[in-house]
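**Student:** So you can see what is in the structure, the chains are spelled out below.
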Amino acid sequence: MSLASEVPLYPLAPLIFAIAVVSFALQMGRHLRVFRAAHPSDVANRAGDRLRSLLRYAIAQVRMFRDRRAGTMHAAIFWGFVLLTVGTANRVTAGLVEAVLAWPLDGWIWRVVVAAGQLLAVAVLVAIVYAAFRRVVTRPARLTLSRDALLVLVLIGGIVATELVAEAFRLARYGDPYEAATLVSWPLGRLVAAPLSPSAQQAIFGVTWWANILLVCAFLVYLPGSKHLHIATAFFNTAFRKLAPRGELPPMDLESETTFGVRTIADLGWKDLLDGFTCTECGRCQSQCPAWATGKPLNPKTFIMGLRQMAVDAEEGVPILPGMPRVPWIRPSDAPARPVADVRGTVAGTGAGSDAAPGAGARAAVAAGLATAALARPIVDTAMPYDAVWDCVTCGACVEACPVTIEHVDKIVGLRRNLVLEDSRFPQEATTAFTNMERHGNPWGQPRSARLDWAKGLPFEVPVAADVLAAAASSDSNGSGGPAPSDDGGAAPIEVLYWVGCAAAFDDRNRRVARALVTCLQEAGVRFAVLGQEESCSGDPARRMGNEYVYQMLAQANVETLNRYAPPLIVTACPHCFNTISNEYPQFGGRYEVVHHSQYLARLVAEGRLRPLTAVLAAAETGDGSGTGDEGQTARGVPSGTVSAPILPGDVARRRTITYHDSCYLTRYNGVFEQPRAVLAAVPGLELREMERNGRQSFCCGAGGGRMWMEERRGIRINAERTRQALETGASAVATACPFCLVMMRDGVADAVAAGAASTEVQTIDIAELLASSLPSSRSLAPATDASGPGGAASAAVEVEG
Amino acid sequence: MRIVVLLKAVPVVGNEKLVDGWRVDRSAGLEANGNDEYVLEAGLKLVEQHGGELVTLTMGPTPAMEAIRKALAMGAARAVHVQDPVLAGSDTLATGLVLAAALRKMEYDLVLAGADTSDGQGGIVGAAVATRLGLPYLSYAAHIEPDPSAETIRVRRISAAGYDVIEAPMPAFVAGTQLLGEPRYPSLRGIMQARSKEIATWTLADVGVEASSVGSSAALTEVDSATPPPPRAGATIVREAPEIAAERIVEFLASRRLV
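Protein chains in written order, with our numbering: chain A, 37 to 838; chain B, 28 to 286.
Be careful, since some hints might not be right.
Facing chain A, a subset of chain B residues (Cβ under 7 Å, in silico) [unchecked claim]:
#1 Val39
#2 Gly208
#3 Arg211
#4 Tyr212
#5 Arg216
#6 Gln220
#7 Arg266
#8 Glu267
Residues from chain B that face chain A, not an exhaustive set, calculated with beta carbons under 7 Å [said to hold, decoys possible]:
#9 Gly41
#10 Asn42
#11 Leu215
#12 Ala268
Coverage of chain A stretches by chain B, computed from C-beta distances (three or more under 8 Å per stretch; other residues unrestricted) [said to hold, decoys possible]:
#13 448–458
#14 573–581
What the hints contain is simulated information worked out from the structure, not anything from laboratory work. All C-beta atoms in this analysis are idealised placements derived from N, C-alpha and C, irrespective of residue type, glycine included.
Chain A with its partners taken away, still in its complex shape (with noise of 0.2 Å):
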C-alpha cells in the first residue's frame, strides 16, 4: 500500500502538520518566556525520584483513580491518545512507522499496535461520551463546563471518529496486509462501505482522512492555548514536583531577599508557573477544600487558574516569533484582569503594582518582550481574593487531591509573606497571636512562668531537662559513690524528651492531655523530660500565617536550646510542633528523631511497656457536657463520663462507640495514620467507626494554618462542618490527636449539642487520655501487672494492629 497514491494531495498532508508543529513549539516557547521572568526552581536533583514520580503520578496516573470511574475514563482516553498519536505519526510520515515496526517478528508487532489502537480507539469514544454526559448532565459540582472543555471533548471525538471511518473506508477501497488486525474499521468497512461504489469509498475515505489530519492539527494548534494543556506539561510538572517533605515550606533569607514572598507571578518559581499551565481545572482540589466546602470564597483550582490566566496576560502582545516587533494594537497594560469563575465574593480589579522594585525577574521580562506591567499585578485580589488568601487552613487536602501533583498551600503561604512582611496586611486578630509569639514565646499570651503549671498536682514529679543533666553531671562529679547511673548501662539521663507544645501547656483542656501522657510515660517506666521554661512556640502559626520573621526567631531559639540536651528522642503530641520540628528545623541545623505522641505510645503498646486492661465503656451517666473548664478533670488526667471497668467476658452492649478525627498535620502531611488507630484498638472497650473522609482525605477541623488565632467570618464554621460528620457515624465519642483539632471538636459538639443535633453524651477526647484511662493503675480493681514480661492473661488483652 501507499499512501502517497491512495490520499488525494498527500503531498501537502506532512507540510500542513509541520507547520501545525511549529506553531505548537513557538506558542509553547511564548509560555517558557514568561518562566524565564520567574524565579528559579531547583528541580535538577533526585533524578531516580524524578523519574518514579513521572511513572506514579503521570504514567500509572495513581490519583486520578481514587475517583475511579473517572479514573478509568482518563486511562483509556489517555491511552487511546498514545495509540492515537503513533497512527498520526504514521499517516504524516507516508507509513514510516509502519514500516519500521512491521519489519521484526513477521508484522506482528504492527498487528498488536494496530489492534489495541483499534479497541482504544473505541474506548476513547465512549469514555469522550461519558465525560460529554457529566459536563452536560451530571454535572459534579467540581467540574467547570466551559466552551474549551467542550471543544477539547469534540475535537478529541473527532479526530478518532475519523480515524475509524477514514480506515474502514481505505481497508474497503485498496485492502491492507494487516487489515485482520484493523478489529473495528475492518468489519465496519465491509458492512457500510462494500455496498458502495469505488468512487464512493474513495471520496468518503479522502474526506474522512483530510478531516482526521486537519482535526490533528487543529488540536496541536488549540492545545497551548487551552486549559488541555496538561497532556504536554503532566510529565514535567510531576517528574519536578516538591520532593522536600510536604511540610516543609520553602527556606527564606530574611537578610538578602528583594521582595519578602510572592507578590507577583515573577516572585513565584517557573514550577509554580508549570503548575497553572498543567491544570485541567478537574476540580478536586475544590472538592476536598474544606474552606470552599463551608462557603468562603477560596477556591484553590480558580487559584492556580488564575495564576495561569496571570502569565498569559503578560504574555500578550509578545510576538510568536523572538524578535519580531510586538503587536501594536495590543496593549497589554490595560488589558483588565479577566475574572476566573466559580469565585465567591468580588475580586477587586486593582490597577498595576507601579512600586514594585525592579528585580532580576523584571530585568528578564523586558528583555524577554513580555508586558511588564501585567507583570507587575499583584496576584492577591487579581488571582486570588485578599479574604481568600487568609481563609487557607494549609491542611494540604487540595495538593493531596491534585493528580499532576500542583502545590497551592506553599504558594498561599508565599502570599501571605509578603503580605505580613512588607505590608504588615493581615486580619486584626493575628496581631495578637503575632505579639504574643514574640514576646511570651506562645500565641496564648500566657507568662513563660506558667509553662510548667500544667503538671502541678500529679502524684509524680514531671523531670525537667535541665534539672536532670545538672543532677546526672553532680552525681558524676562525685565520683562513684552515690546511685551511680551505670545500672543503666551508661544509658543517657534522658531517653525520651516530651515537647509538650503551648497548647498542652497553657489551654485548659490540652493540659488534660499532657497529665495523660506524662502518666503513660510514667507508668511505662520511660525515663522522660520536658524543657519546662526553656520552650517555646515551635512557630508553625507565625510561619503558616506569612510571619516568617517571628517563626526563624522562635525556631532559632529552639535549635539553640535542643542542641544543648540533644535528646535521643523527642515525643510530643501536636502534631503542628511535629510537623516543624522534623521537617523544618533541619533548615537551621536541628536534625531530630521526633515521633508524634500517638507513634510512641503504640510502640509502648505493642512493646508491653503499656498494658492497657481497663475497659473504657459508655458512660453510665451524663458526661462533663464537655465545655466546663477543668471541672472534669481527675488527678491523673482520666475524663470524667467515661466509666473504666474491668473487662467482663462478653460484654459487648456497653463498648463504647468512637469516630477519630486524623489531623491534616498528622496524617496527610506525615503519613501517621495507623498508630493512632491501633492505639485505639488496644484500649478495650472501644469500638472504631471511621468517618467517610479519613485517613489522607481527612476534612480539616479549621485551625490549621494559624486559623486557630483568627476569627472565623465567612461562610459556616468548618469545625461544624467536620463535627457534623463525625456525628454522622453515630459514634458517641470523637477521637483527637492534636491539641487544636481538639479544642475544634470540642467547641464543635458543645455547638451542636446545643443546637440539638447531638447527645451530651457524645465526648472528645484525646487518644492519650484514652489509653491512660484505661491503664491498670487508673483504678484499684485493675489486676496487679505481671512484671515478667510478655505473655499470659495481661497481654491477651492487648491487641496492635501492623
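Once you have looked at the hints, place chain B on chain A.
**Tutor:** Below, chain B without anything else, positioned relative to chain A:
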C-alpha cells in the same frame, strides 16, 4: 508637623520582677509601654496625613533599645535615648525633669504620651513635663485632630459622661488613651529600614540636668513593700449557646446564693 512621642520601655506585662529594694527589674526583657504604642500609632497617622516628622524620646537603661527599635520599625523617623547610670532609681518627679530638659533641646509642635505606663502606673509624668514646659495639657485623648494652618489642636477627651472636645494652641502636650486605635504591627520591611535610622544617645550632661537631682538618692518617694496580688480562683467557662448559657450562669449564681 513635628511630633515627639514619649516612649517608655517597661517589663513585658505579666513578667514584672522586683529586685533589691522593691525596684522594678529593668535589666532585660523590656518592651514598649502599651499606651505609648497607641499614641505612637496616632502620631504616625498624623504625620502620614499632614506631613512632618515623628521622633521618639525615651529615658531608660540599655535594654530600652528593643522598644525604641520597634517604634522606629513602626515608622518613627528617629529616636532620642536619654541614658545615664545615675538615672537608675529616679522617681516620677525626676523623670519629668529629665524629659522636659530633653524636650527643650528638641523642636516640636506636639508632644504625645500614653495616659500611663504598665509598670509604674503613676500617670503623672506627662502632666509634669507639660507643666515644666508651660504647654497646654490635653489628657485622656480618644481622638486628636490638628489644624496646622490655625496652629491649633482639638482633642476628644474622655469624661465620665462621654467626651469633651477641647482645643489648644500648638505646641501642646497630649496624653492619649487606647481609644486612639490599635497600633500597627511593624512589617519586616520596616524592621529592616529601622536599622539605618538614627538613635541619638544623650547623657544627663547633654540635657543639662544636675546628677544630684535624679536617681534613687534624690527620689522623694520610696517603696516600703510590695506583694503580688492573690492568684485568681479557677474560672468556670460557659461555652454553650446563649439560651443555655444564660440558664447555666443563673444556676451558678444561684448556687452561690448571689441571685
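**Student:** Hint Arg216 of chain B vs chain A: min CB-CB distance below 7 Å?
**Tutor:** Holds: closest Cβ of chain A sits about 5 Å from Arg216 of chain B, inside 7 Å.
**Student:** Holds or violated: is there a CB of chain A closer than 7 Å to the CB of Gln220 of chain B?
**Tutor:** violated (12 Å)
**Student:** Grab the minimum C-beta distance from Arg266 of chain B to chain A and call the hint holds if it beats 7 Å, violated otherwise.
**Tutor:** This hint holds: Arg266 of chain B lies near chain A, its Cβ roughly 4 Å from the closest one there, short of 7 Å.
**Student:** Does Ala268 of chain B pass the interface check with chain A, least Cβ-Cβ distance below 7 Å?
**Tutor:** holds (4 Å)
**Student:** Does the interface hint hold: is Arg211 of chain B within less than 7 Å of chain A, judged Cβ to Cβ?
**Tutor:** holds (6 Å)
**Student:** With 7 Å as the cut and Cβ atoms as the points, is Gly208 of chain B at the interface with chain A?
**Tutor:** This hint is violated: Gly208 of chain B lies away from chain A, its Cβ roughly 11 Å from the closest one there, beyond 7 Å.
**Student:** Please check whether the segment 573–581 of chain A has three or more residues whose CB lies within less than 8 Å of a CB on chain B.
**Tutor:** violated (count 0)
**Student:** Do the numbers back the hint for Gly41 of chain B, that is, is its least Cβ distance to chain A under 7 Å?
**Tutor:** Holds, about 4 Å.
**Student:** Tell me if Tyr212 of chain B is really an interface residue toward chain A, meaning its C-beta lies closer than 7 Å to one of theirs.
**Tutor:** holds (5 Å)
**Student:** Can you verify the interface hint for Leu215 of chain B: is its Cβ closer than 7 Å to any Cβ in chain A?
**Tutor:** holds (4 Å)
**Student:** Would the hint on Glu267 of chain B stand, with a C-beta cut-off of 7 Å toward chain A?
**Tutor:** holds (5 Å)
**Student:** For the hint on Asn42 of chain B, just tell me whether its beta-carbon gets within less than 7 Å of chain A.
**Tutor:** At 6 Å from the nearest chain A Cβ, Asn42 of chain B passes the 7 Å test, so the hint holds.
Consistency with the previously given hints fails for numbers 2, 6 and 14, ordered from lowest to highest.
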